[in-house]
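Engineer: Protein chains in written order, with our numbering: chain F, 7 to 125; chain X, 7 to 125.
Simulated from the structure, these hints should not be mistaken for laboratory data.
Check the hints yourself; a few may be wrong.
[Stated by the list, open to error] From the structure, some residues in chain X lie toward chain F, with a derived Cβ separation under 10 Å:
1) Gly-22
2) Glu-54
3) Met-74
4) Glu-75
Even glycine gets a Cβ: it sits at the ideal position worked out from N, Cα and C.
Number of protein chains: 2
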Amino acid sequence: MSFREILKKVVSDVDGAIGAVLMGYDGISIDDFIQEDLSDDIQLLAVEYTSIIKEVRRAVEVLKTGQMEELSLATDQSRIVIRIVNEDFFVLLALSADGNFGKARYLLKRSVPLLREAL
Amino acid sequence: MSFREILKKVVSDVDGAIGAVLMGYDGISIDDFIQEDLSDDIQLLAVEYTSIIKEVRRAVEVLKTGQMEELSLATDQSRIVIRIVNEDFFVLLALSADGNFGKARYLLKRSVPLLREAL
Numbered sequence: 007m008s009f010r011e012i013l014k015k016v017v018s019d020v021d022g023a024i025g026a027v028l029m030g031y032d033g034i035s036i037d038d039f040i041q042e043d044l045s046d047d048i049q050l051l052a053v054e055y056t057s058i059i060k061e062v063r064r065a066v067e068v069l070k071t072g073q074m075e076e077l078s079l080a081t082d083q084s085r086i087v088i089r090i091v092n093e094d095f096f097v098l099l100a101l102s103a104d105g106n107f108g109k110a111r112y113l114l115k116r117s118v119p120l121l122r123e124a125l
Numbered sequence: 007m008s009f010r011e012i013l014k015k016v017v018s019d020v021d022g023a024i025g026a027v028l029m030g031y032d033g034i035s036i037d038d039f040i041q042e043d044l045s046d047d048i049q050l051l052a053v054e055y056t057s058i059i060k061e062v063r064r065a066v067e068v069l070k071t072g073q074m075e076e077l078s079l080a081t082d083q084s085r086i087v088i089r090i091v092n093e094d095f096f097v098l099l100a101l102s103a104d105g106n107f108g109k110a111r112y113l114l115k116r117s118v119p120l121l122r123e124a125l
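Looking at chain F on its own, in the form it has when it is part of the complex:
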């Protein structure tokens, strides 16, 4: 499967999912699948989160609390789930506030081995 097919499958199978982006730590997106006209918003979100993830990774290293696997964020309007793919890439899934957060986490986790294989 291509990156886009893997991302599309996750977005299609999660209620309330808006889009998913495979992203490099250098802030450049590799591929994405985004519903409707939200592409610019999700791309901006992914870039903005790149610096946050770097910061969190640094903190995790300082604290020696193991290998970072997942980061999630909820606001009153949206949910973001981020899963580390490898040293260079992460995948970000954006959901509406009433989206299925549990399924989002589960399917994003399951997509990681597929993304690694496709890289």
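Chain F is already provided as a structure; the job is to place chain X on it using the hints.
Structural biologist: Chain X alone, transformed into the frame defined by chain F:
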């Protein structure tokens, strides 16, 4: 209930919970309840996460994706759930990697109105 009683109740009711800290954005903890001899680790964790949460809040404001409510982080060794209490404070709950993450999120969310009342 006192802060400590509220935090103790959450930690006691979640399988795998290690400790909870009520923390100011200035990096000073107000109160905590931490199991056994892990006090220094959890305090350090809370201080380290203060800068991350500030960073995330700033990103959320930039992106105009609503009011930040919750941040969670999973490593292969631990889980952290953070819930915003108000403009000045947040509450952090640390769990082991096999702890009950769903219940942690639920009970931490429920503790927020109690903490607001006690502040």
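Engineer: With a cut-off of 10 Å on the beta carbons, see whether X/Gly-22 makes it to chain F.
Structural biologist: violated (14 Å)
Engineer: For the hint on X/Glu-54, does the least C-beta distance to chain F fall short of 10 Å?
Structural biologist: holds (5 Å)
Engineer: Should the interface hint for X/Met-74 be scored as holding, given a Cβ-Cβ cut-off of 10 Å against chain F?
Structural biologist: holds (5 Å)
Engineer: Are X/Glu-75 and chain F close enough, Cβ to Cβ, to be under 10 Å, as the hint says?
Structural biologist: Interface hint status for X/Glu-75: holds (5 Å vs cutoff 10 Å).
Checked against the numbered hints given earlier, this structure breaks only hint 1.
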